[in-house]
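Trainee: Sequence:
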Amino acid sequence: MVEIAFRQPGIDIFSTWISWGINPTSIGMIDAQVFVAHTRNDGNLIAYTSPISSYRTSLKEGALSFLVYDVSAMYENNSITIFATFQLPRETIMVDHVWQKGPMYRNNVPKIHSLLRHELRSYGTLNFLSGNVKQGRGGKLIVLKSFHGIMCSISWGIMLPVGVLIARYLKVFKTTDPIWFKLHVACQSSGYIIGLVGWATGLNLGAQLSGLRDSNFGARTEVESNLYWHTCIIGLCYCAPGNS
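The letter at position 198 of the sequence shown is residue 198 when you use the UniProt record's numbering, and the numbering goes up by one with no holes.
Because the hints were derived from the structure by calculation, they are not lab data. Nothing here was measured: the structure is a model prediction, and the numbers come from that model. The beta-carbon is built from N, C-alpha and C at its ideal position, and this holds for glycine as well. Hints are supplied without guarantee of correctness; some may be wrong.
[To be verified] Between beta-carbon pairs, the in silico distance windows are: (1) D12 to T85: 23 to 31 Å; (2) E119 to I46: 19 to 27 Å; (3) T25 to I158: 38 to 46 Å; (4) N127 to D12: 27 to 35 Å; (5) Y105 to R168: 46 to 54 Å; (6) I158 to I13: 41 to 49 Å; (7) I158 to Y69: 56 to 64 Å; (8) E61 to P9: 18 to 26 Å; (9) S54 to S189: 36 to 44 Å; (10) T85 to A200: 43 to 51 Å.
Based on the provided sequences and hints, a complete structural model is requested.
Mentor: This is the structure:
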C-alpha cells in the first residue's frame, strides 16, 4: 500500500485543475492512471480518479486499474495538494509517473493543458523503494514537433530561399550558365522534398491533436499545406532556364 501527497503551488483555485498519477504499462500520458483535483462551480474542491486512454481525454471520473483506498485534496496558501492511498500493481517497485495542470471550463470540465515543451515533459520515473525520481526527456509528441520544426525550417528557411537567390543573382553572369540552373534546381527540389517530409509530419501531429479544442496545430497545418502545394505548382511552371 502506498500513500502519496502531490502539491502544486501557484494555483488559482477557481480556474485550474491539477493531476498526478502513475503509468503502470507505458511512458507518458497514454494509459496513465491519475488522481485529479479542481474546484466546482459551487466552490467545493473535489478529488477523484481518472484513467487516460487518449490525448482527447477530458479527465472524466473513472475507476483505475489498481485498487484505490482513498483520494482527497486540500487548498492552502495558493497551492492544491492531492492525497491518495492506493495499492501498487503486484511486484511493482519502479513506475513512470505523470503530473500536469491546466485551465477549467465553466461547466466543471478540465481544458487541455499547455502544449509547451516543459508541459509535455511532465513525466518521469519514480522508484518507490529508494525514493529516487528522474524526469523524462521527452515523449513522442515532443519528438514529432521537433522533427516537424526542423524539416520546415530547413525547407522554408534555407533551401527554398537559397534556390531563389541563386536564380536571382547568379543567372545574370554568363560564365555561371548552366551551373546556376543546376544549383537552383537542386536547392528547390531538396526544399520541396524536405518540405514534404515536414508537411507529412505536421499532418500526423494534426491527426493526433485533432480532438484538442484549444490546439491551433490544425490551422497551421492547413496553411502549410496551401503554401507547399502553391510552391510546387510555381516550381513546375517555371522550372526552365529561360523562365523568370
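Trainee: Evaluate each hint against the coordinates.
Mentor: We went through each hint and held it up to the structure:
1. D12 to T85: 23 to 31 Å: Distance hint for D12, T85 holds at roughly 27 Å.
2. E119 to I46: 19 to 27 Å: 23 Å, holds
3. T25 to I158: 38 to 46 Å: 41 Å, holds
4. N127 to D12: 27 to 35 Å: 33 Å, holds
5. Y105 to R168: 46 to 54 Å: Check passed, 52 Å falls within 46 to 54 Å.
6. I158 to I13: 41 to 49 Å: 48 Å, holds
7. I158 to Y69: 56 to 64 Å: Once the Cβ atoms are compared, 57 Å apart, the range 56 to 64 Å for Y69 and I158 holds.
8. E61 to P9: 18 to 26 Å: 25 Å, holds
9. S54 to S189: 36 to 44 Å: Taking Cβ atoms as reference, S54 and S189 lie about 39 Å apart, which means the hint holds.
10. T85 to A200: 43 to 51 Å: Given about 47 Å between the Cβ atoms, the range holds.
In summary, the structure agrees with every hint in the numbered list given earlier.
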